[in-house]
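2 protein chains.
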Amino acid sequence: MNDVDIESLKGIANQLRIHSIRATTAAGSGHPTSCCSAADVVSALFFGHMRYDPKNPHYHNNDRFILSKAHAAPLLYAAWAETGLFPVEDLLKLRQLGSDLEGHPTPRLPFVDVATGSLGQGLSVGVGMALCARLDNLDYRTYVLLGDGECAEGAVWEAASLAATYNLSNLIAVVDVNRLGQSQPTALGHDLEAYQKRFEGFGWRTEVIDGHDLDEILEVLAAVGLGHQPLVILAKTLKGGGVSFLQDKEGWHGKTLSKEEEAQAIAELQPSAKSGIGHPIPAPNQLPAPKSGAPSSYPPITYKPGDMVATREAFGSALLRLGGADSRLVAMDGDTKNSTFSEKFAKRFPERFTECFIAEQCMVGVAMGFSTRGKVPFASTVACFLTRAYDQIRVAGISTANLKLVGTHVGVSIGEDGPSQMGLEDIAMMRAVVGSTVLYASDAVCTEKLMEQIASNKGICYLRTSRPKTPVLYSNDEVFPIGGAKVLRQSAEDKVTVVAAGVTLYEALKAADALKSEGVGITVIDAYSIKPLAKDIIKAAAKKTKNLVLTVEDHYTEGGLGDAVAGELSAEGIKVHKLAVHELPRSGKAAELLAKYHIDATAIINKVKALG
Amino acid sequence: MNDVDIESLKGIANQLRIHSIRATTAAGSGHPTSCCSAADVVSALFFGHMRYDPKNPHYHNNDRFILSKAHAAPLLYAAWAETGLFPVEDLLKLRQLGSDLEGHPTPRLPFVDVATGSLGQGLSVGVGMALCARLDNLDYRTYVLLGDGECAEGAVWEAASLAATYNLSNLIAVVDVNRLGQSQPTALGHDLEAYQKRFEGFGWRTEVIDGHDLDEILEVLAAVGLGHQPLVILAKTLKGGGVSFLQDKEGWHGKTLSKEEEAQAIAELQPSAKSGIGHPIPAPNQLPAPKSGAPSSYPPITYKPGDMVATREAFGSALLRLGGADSRLVAMDGDTKNSTFSEKFAKRFPERFTECFIAEQCMVGVAMGFSTRGKVPFASTVACFLTRAYDQIRVAGISTANLKLVGTHVGVSIGEDGPSQMGLEDIAMMRAVVGSTVLYASDAVCTEKLMEQIASNKGICYLRTSRPKTPVLYSNDEVFPIGGAKVLRQSAEDKVTVVAAGVTLYEALKAADALKSEGVGITVIDAYSIKPLAKDIIKAAAKKTKNLVLTVEDHYTEGGLGDAVAGELSAEGIKVHKLAVHELPRSGKAAELLAKYHIDATAIINKVKALG
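As you go down the protein sequences, you meet chains A and B in turn.
Under my numbering, the first residue of the first sequence is numbered 1, with each subsequent residue one higher.
Under my numbering, the first residue of the second sequence is numbered 1, with each subsequent residue one higher.
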């Protein structure tokens, strides 16, 4: 970098400030001062340092950039406009319904890999990307721009710990330490040394700089990638930096400038502003792209009806089986791999497995990172602990990510470990994720067949599996389309259609046998696909049982299978009765608990008899 | 402490090991080796250091103890049995359905303040307790025992940061660094210095000790409370410590001993084991208890019908109003207090307000801590960010906690900030929390009246509030019982019962007016209480509209108001149609978005016309 270049970068930084101010004033909302503090860093990264093809943001070996402090979205948009990717005039459409330049970035934009906007999530996604670069033998680097306020989020430190554990020197975090949060100064203010101690304590190489001094910025960027540690650049900045009447002032968070203030700010910035258009951008690295695309087939499965196999174990077997056929598959776990059986994959394909330790938010973030790079990530843990990452999963929905989540040990059927270990709200939680698919396998064959589709179809998908061993119900050539259901028992005079999945399906079958001996028939449906639900199959069966449906589930009453069926079918005149866990459960044996919480065969029998 | 005492404590530690091993072997499941590593620390704390009344675990100035590494539950149970609180024979009922000695501790037990078992949550609860001690001028101390594995959880570092920010020298963490996780060694193994650097970086005083050396343990405990920083004792231990064939060995996590192994272990431990019964326990401190109990009344409210007031602002006003009447009220926020309006309370009652910065998990943990000490904590943030703390909220349900959560800025009606800032799954999430109450206020009067009940009734409660200003609908003397609903429009020939809440209620009222002018009548119900739902009121109205119900909500289709109504009423033959957000929304103006996602008056009108 010569002096001329530094002057250009300074000018571009001011140009980005002008764009950010103009766009937010035009929109009447947004965070111009949060853009201004980071403008010099972004100018340096985009126009003086990162290697990427501005005409092809998706190019596989471009350096990646994640705006974790997502409220600075106008700055990101301005940078890409100034590379020439789209007209700068479009920036004034910020936050309008017709524009993809939304309030916070989403992957509707080609240069955004993941939605950000829930603070503290970006670094874990960066960890996933950096791990993926290593897996793919690519030398792109991943840059994550964080705010200082968001460093209060524990998710940042989960990611920091993992990045150091795996020596991710291809990961660079920049913290824009502008001292001011939304409602008051941050806990650490401008104590840069405090940030430094924290990151050093977590095993990172640290550099403290003046975030408005382009010489300093470029100097530390020149040393990126050295050593074995991830690097954090702690940039001391001023919120509203570069504009005299904004900078370092409280009360300006999320506040736009009036037209007069805008004019005043631009009058200050314009004289030294410089367009980035045509400014040389370092060429991207040229290395071969990794394989993409699902295989045409998977090895067959060979279960025998009646074999006792837990669905969690079948998940592990499927992951191993599919992993052999599809090099895009990667997996991660949160120190439960010997319970979820993801260790089958981990042992066979250690290079494609990431142990995330007990840090579920980070695990989902890492999976997201892999997903953005074309991998098919399966993140597994005990189902209840996925609640720890619900915000990350929510945002994965906004990212329309190709994310596969597997929860094991659902419901009271886990037994003695007690309520804190029982996934009893996971269906409710996962159904409410936009664009999600929610599957609940009852036997090993179903698990394996669903896994094939999960792996080969894009999108966010949750597979619910159980702890107890259950007999194989289906033959190896059975097919389980997503959105389908299996009618397992049905006869002409059936009284009720019982809809179940997982362990309660076996209870329903037991109930059917017992009732049959008493001359009462029930239809039994395996609702392995909860979202999308096999509405037509259930409806057709219900019509034959006088519209009477009984759902049975090892899940709380709210938001689960019963609500899904009622929510989709009540408009059709179907009457849905529910058996589900409706109180705080205790420790005990699985069978005792199914009985105590009225979701076992006896409860089904009693309910069927009570109905009409 | 003299030498005799130390020998006793060593003996008690072994007694605790014996109990833990026996209980888990009897149960056939559990984590004996995780108990053994911490046995010396627990012996020192319970029998040589903490000040508490073992006959009255609830005594207000007892030192508090949180077992964050909750899988060591048998050790905790053994310690309390050895104080004499209950017979040691009961320990053998561990994990049985009839026993409160569950797999992981819950407050069914008098000596357990909060459920633990989802790792990494205990420290933030401890922060709340320590803050509460300060507020109440009590000198009890709060001890939190963590595992090393759980230090990978970001929630630990959120709490660590806040504890240092608020100089909580009355908070003591002990990390049982036994090196081994569930499925493999932890990332940091026995690198005690690494833990030390992390906690020092986060502003803590640190002590590294041999966690099996009672002299060292007691020496550092003697210096507890010095200085202004929280203290962490980093105890190097061996998993299975004290038993030759278990200690420091992989493959023993969550594994019980066979009868033969049990005998072998006891043969090693018994010779030096000593009962804790009758061992002197330091007396608790004697200081007056804080006030408890709700006030008999609150100051009146004085809204005028038609006043434009956002429900989030009414929440802030209510918090201030109730806070003046009830000294038990405390509040906390995650650096959004100027958006949630909790700052009204914060400014007037700063000593009862805790700024938790951008760390929602910690915020909920802190609230839980206050809740265990008899306070009524209101934790508020932008609704979507409560997803970040879903696991904590889930466990609060298991704790049957008196926790009040307020989410602001729900749904697409927030407008331009875009999907990452829109709470669209909060109803689904909160309904699925066991024992929860879910309320959704439409106007300021309703908000204020609901707040009175939330404050005075025990339990976990979520209040959903909106960003836009909406007109006051109700008179100041209207009552809003939890579990109720308001029928706002109803006439003889109504075609459909429209059930709405929040911003969509106003859309329903607009639709009713428009339809009326066309000669079509609809019943409009304000379902301000979503859980419990006013089933009878909705059913009675529906019966008059040929069982036809239309729900309208600013929430995703799954798990919200519509599913609640369908889930509760479809069994009664009520046909529930739903209008809700069923795709990923964009940035835009609130009104544009209500229209685009078909939850505005026009959508209601069209749907009513389409129905029959």
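In case anyone wonders, no lab produced these hints; they're calculated from the structure.
A couple of the hints might just be wrong.
No copy is singled out in the list; a pair is fine if it fits within one copy or between any two copies.
Said to hold, decoys possible - Cut-off 27 Å, straight-line C-alpha distance, at most; resulting in silico cross-link-like pairs (BS3-like, lysine-lysine):
1. Lys-596 to Lys-93
2. Lys-596 to Lys-55
3. Lys-544 to Lys-259
4. Lys-469 to Lys-516
5. Lys-197 to Lys-535
6. Lys-609 to Lys-495
7. Lys-55 to Lys-304
8. Lys-539 to Lys-609
9. Lys-249 to Lys-486
Problem set entry | Structure versus earlier hints, numbers of those that do not hold, lowest first | 2, 3, 5, 7, 9
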